[in-house]
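Letter by letter, the chains look like this.
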Amino acid sequence: MIDLKNISVRYGRKTVVDDVSVTANAGQFIALVGPNGSGKSSLLKAVAGLLPHDGATSLPSSRTDRAKQLSYLAQNCTAPDHRNVEEIIALGRTPFLGPLSKLSEADQSAIDSAAKACETYQYFGREFGTLSGGEQMRVHLSRALATDTPLLLADEPTTALDPYYQISLMNILRASADAGKTLIVALHDLKLAERFADRIWVMQAGRLVANEPAEKALSEAMLHDVFRVTLSGEIID
Amino acid sequence: MSTRRWLFLVGSFCVAAGLMSLFIGSTWIAVPDVLKGLTGRASGPVNTIIQDIRLPRALLAALVGAGLGASGATLQGFTRNPLAAPGLLGFSACAALGAVLALYFNVPALIMPAAIGFALLGALAMTMFSRRKPGASGLVLAGIGIGALATAITGLIMNLAPNPWALSELVYWLMGSLKNADRVDVLIAGPLTLAGCILLFLSGPALRVLGLGEDTAQSLGISVGRTQWLIVLGCALCIGSGVAVAGAIGFVGLFVPHILRFLTEADEAWLIPLSALGGASFLVVIDSLIRATSGPGTPLYLGIVTSLIGVPFFLWLAWRQS
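Protein sequences appear in the order of chains A and B.
Going by the numbering used here, the first residue of the first sequence is number 17, and it counts up by one from there.
Going by the numbering used here, the first residue of the second sequence is number 419, and it counts up by one from there.
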């Protein structure tokens, strides 16, 4: 579970996240939706401790303690092309080791579980740069799951993926939530949000304007007011 | 071959190259005498040649090379930029400025503290200028800017040199050489280089994770600011002490990590000690070759030779990247 209280993020004089207070329960899959520039990524970064912000979260304030509570999947994930897949997944564990320490059995077990959940075993031994975009995203998700934290934040993980990999990734996220992990996932695809999430948080101009069960959140009025589109997919001028 | 085996192999090569370099010089000394000279049991002149000239020079070449190699590997890992090196980011230029100032004011005793002090000052300035957002892009921009400023001031000092003799002294010093190496240099540069290398080695685990991007690394508990401090301090100690005793030696920090990255499967963390040993080996070998091939009247300068080897490699790297 995570509590956000009065979270605000400012870039200079511009407020990009405005007084957001909300709670995500354990095992909930939250889809964070909103138009471009509505503050989704900034909110996730603030929760992850990557942006200075006003307000508070229920997460530990210490950097290292917080890292053991949350995993963050960035919008533009990257990794050195020459590194092997298993090395990249292991990076979900190695930051908590000393310079000369080796992975423990518990670390290896977490890595194996994550690779199994994301079916990235098949890429072991391959260099990261030889994988397709969808395969690379699954490796990054494996790395995030290997950290084995109760909270996962993902910033538009399905962007640039084809439908197969989009659904495959969402299935993995859904399974993680069903296993008890709390997920807050920024998404642009409203159909994926409605299909896979438990609740949908809707942001508009930095404010959280809706926090509803997935099946109720995306009403005609919401699409009209926030996204300026109709249910039939027409643009509203 | 595993990284640890590579470490052992390169380390052994470094020791062997160092021992071999004890045999190179204008005076031939037989193997038993060299070994006796190491422990001070040879004749007086042999003891002096081995202990006061050749051994300090070999140790100093190893120390300077180790500092350059470790700094280059760390900077390339931190900036995720294959062209990053102590020379590009201004560490060498700042240290050289300090030493040139000491030479200009004719206070040779201040060359070493000035070089180290200016390298630390440059590191502090880089950190200050990139304080708002520590990380690769901030450090590269600040480093290049500060390096350019230090180079410009060095040029100004040379421009204002009071006489041709003073100018030639500055120019020769900037070419880099170990010909004046002595025990005191080793005693000063040794602990500083070692301390610098330890700081750089401590940044290794963070460098592994920084390959995933700064946001991801921070979310995994890595402090980019703390890592940058470790790196700039470590580089300042390694490069400052190296420039203080040997002048400006370019390109070693650029190509040694690349060669070892190409040959081995070492990750960003293990590449630091590996590049330290590789840099040490390279400089010991090159300095030995210079001593073996230079005539008494036309000494080749170490910095010139490393640049002649390094520039083609640099251009090849730029071509390959493009």
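Hints in this document: simulated from the structure, not taken from any laboratory.
Because the structure is a prediction, the values reported are computed rather than measured.
You may find that some hints are simply not true.
What the hints assert, rightly or not - Below, in silico cross-link-like pairs of lysine-lysine (PhoX-like), each with a Cα-Cα straight-line distance of 25 Å or less:
1) A:Lys-84 / A:Lys-30
2) A:Lys-30 / B:Lys-551
3) A:Lys-197 / A:Lys-207
4) A:Lys-84 / B:Lys-454
5) B:Lys-551 / B:Lys-454
Outcome of the hint check:
Annotation: proposed proximity of Lys-84 of chain A to Lys-30 of chain A is violated, straight-line Cα distance about 31 Å (limit 25 Å). Only pairs whose Cα atoms come within 25 Å are accepted, and Lys-30 of chain A paired with Lys-551 of chain B is accepted, the gap being roughly 18 Å. Our distance criterion of 25 Å between C-alpha atoms is met by Lys-197 of chain A and Lys-207 of chain A, whose separation comes to about 22 Å. Restraint check for Lys-84 of chain A and Lys-454 of chain B: not satisfied, since their Cα atoms lie roughly 58 Å apart, outside the 25 Å limit.
Under the criterion of a C-alpha separation no larger than 25 Å, the hint pairing Lys-551 of chain B with Lys-454 of chain B is inconsistent with the structure, at around 56 Å.
In the structure shown, a violation is registered for the earlier hints numbered 1, 4, 5, in ascending order.
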